[in-house]
Amino acid sequence: MNDTSSKRGFTTAILHSDRESAIEHGALHKPLHLSVAYGYRDARELAAVFQGRAQGYAYGRQGNPTAAALEAKVTAMEEGVASVSFTTGMAAIGAIMLALTREADHVVASQFLFGNTVSMLGTLTSHGANIDYVDATEVAAVERGLTADTRLVFVETIANPRTQVADLARIGELCASRGILFVVDNTMTSPALFRPKAVGAGLVVNALTKYIGGHGNALGGCVTDTGLFDWTRYPNIAESYKAQKPSLWGIQQIRKKGLRDWGGTLSAEQAHHISVGAETLALRMERTCANAQSLADTLAAHPKIRNVYYPGLATHPQHGIAKKLFSGFGGLFSFDLADGIDCFEFLNKLKIVVLSSNLGDNRTLAIPVAHTIFWEMGAERRAAMGIADSLIRVSCGIEESDDLRADFLQALDGD
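Numbering (our numbering), first residue to last: 1 to 415.
No wet-lab data here; the hints were simulated from the structure. Only a predicted model underlies this, so the values are computations on that prediction, with no experimental measurement involved. Beta carbons are placed, not taken as given, at the ideal position from N, Cα and C, and that holds for glycine. A couple of the hints might just be wrong.
[Claimed, not checked] Once the Cα atoms are required to be at most 30 Å apart in a straight line, the calculated DSS-like pairs of lysine-lysine come out as:
no., residue 1, residue 2
1, K323, K304
2, K351, K304
3, K256, K245
4, K245, K257
5, K256, K242
6, K257, K242
7, K304, K7
8, K349, K7
9, K349, K304
10, K7, K257
[To be verified] Okay, the calculated beta carbon distance ranges per label pair:
no., residue 1, residue 2, range
11, E269, E376, 43 to 49 Å
12, P303, I23, 54 to 60 Å
13, R53, E376, 34 to 40 Å
14, A22, D413, 55 to 61 Å
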């Protein structure tokens, strides 16, 4: 976006971002570009595009104009320099690891990462990756995990499902002092509540499927380079990608080695759905956060609830950090039912809430964590992460707050 648009408010900038570049016939949205191949009248121009010396599209696996418009939108949201989109958030995380790490490199990751992320990193470990998991709520634990071979530190803003909040600012300071790439998954907060650039993140991940898309109708993921990391200090950049200016070395290698080579390309149709959904991100997050706070407060006071895990509660261990860094506490929380209450029976009594594994939808969703998304981890690992068999995760939507409270109360207090 240009300098004028960057001074606009968050939602204003998103709404008008597509029109920063020319659009056919005066359309308000970037149209669907479904072509796989792109032709050039001048063979030299074609070669320049392939070599990264000119802007353009070489082949559909490396991106398309509709996805590029979405990437520009996310880049503006995160106040970055460039983004690369993928079919899913998992593809985005995998692309970072595959494109930027080599044999003998070391990665420090939060021990509270989402189950599928842990599974993916476990697969990389079986192929020789060197990954250590630490308690990211304490910068001292991250520092103890660093070695001379540490290339990057990877954390989430708020953990899913127990909502631990990483010590983001101090980890960012630590990484900056050591010249280590700091990668932050911003999915649970979204750029509407937090921009990891503020704490020194070099790369930011967003699962576009969740809050940015918001409507549960499209899968997508994105990696954004904030422009803060000095890629001239990173040893793994291929010489062929240094034709770009240094600030783009990392994102260019992610696009080529992580997207082109592995093929997790976001389609134009999915990009369009996500781009339109993103227009109301800030409005939806305001309502979603309000609903989550209301429900968390209500359940925390209920005798049939043992624990509620939500950063918006004063009792949350990282409430102070979350209050300082985020402009809202997010739409996800979890809770443990009191002893003797069957989680399946409770969930089956809910009438408005949808029993589903997604999050960030406009609808409120709930799921029994230990029996579904964390089942594959096994009982021992779940216990180490504090995930009890009675733990229920809730992703709040935008329904009326009174309706949601009434639904949970009738499920708890009804016959």
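Consistency of the hints with the structure:
For the given pair, K323 sits about 28 Å from K304 by alpha-carbon distance, which is consistent with the 30 Å threshold. Our distance criterion of 30 Å between C-alpha atoms is met by K351 and K304, whose separation comes to about 19 Å. Restraint check: the Cα-Cα separation between K256 and K245 comes to about 16 Å, which is no more than 30 Å; the hinted pair holds. For the given pair, K245 sits about 18 Å from K257 by alpha-carbon distance, which is consistent with the 30 Å threshold.
With a CA separation close to 13 Å, the supplied pair K256 and K242 stays within the 30 Å bound. Annotation: proposed proximity of K257 to K242 holds, straight-line Cα distance about 14 Å (limit 30 Å). Restraint check: the Cα-Cα separation between K304 and K7 comes to about 49 Å, which exceeds 30 Å; the hinted pair is violated. Between K349 and K7 the alpha-carbon distance is near 48 Å, which puts this suggested pair outside the 30 Å criterion.
A C-alpha spacing of about 15 Å is found between K349 and K304, which places the hinted pair at or below 30 Å, so the restraint holds. Between K7 and K257 the alpha-carbon distance is near 34 Å, which puts this suggested pair outside the 30 Å criterion. Under the hint 43 to 49 Å, the C-beta atoms of E269 and E376, about 30 Å apart, miss the expected range. Between P303 and I23 the C-beta distance comes to about 57 Å, which sits within the given range of 54 to 60 Å.
Between R53 and E376 the beta carbon distance is about 46 Å. The supplied range of 34 to 40 Å is therefore violated. Remark: the range hint 55 to 61 Å for A22 to D413 is upheld by a beta-carbon distance near 59 Å.
Going down the numbered hints, you'll see the structure goes against 7, 8, 10, 11 and 13, while the others check out.
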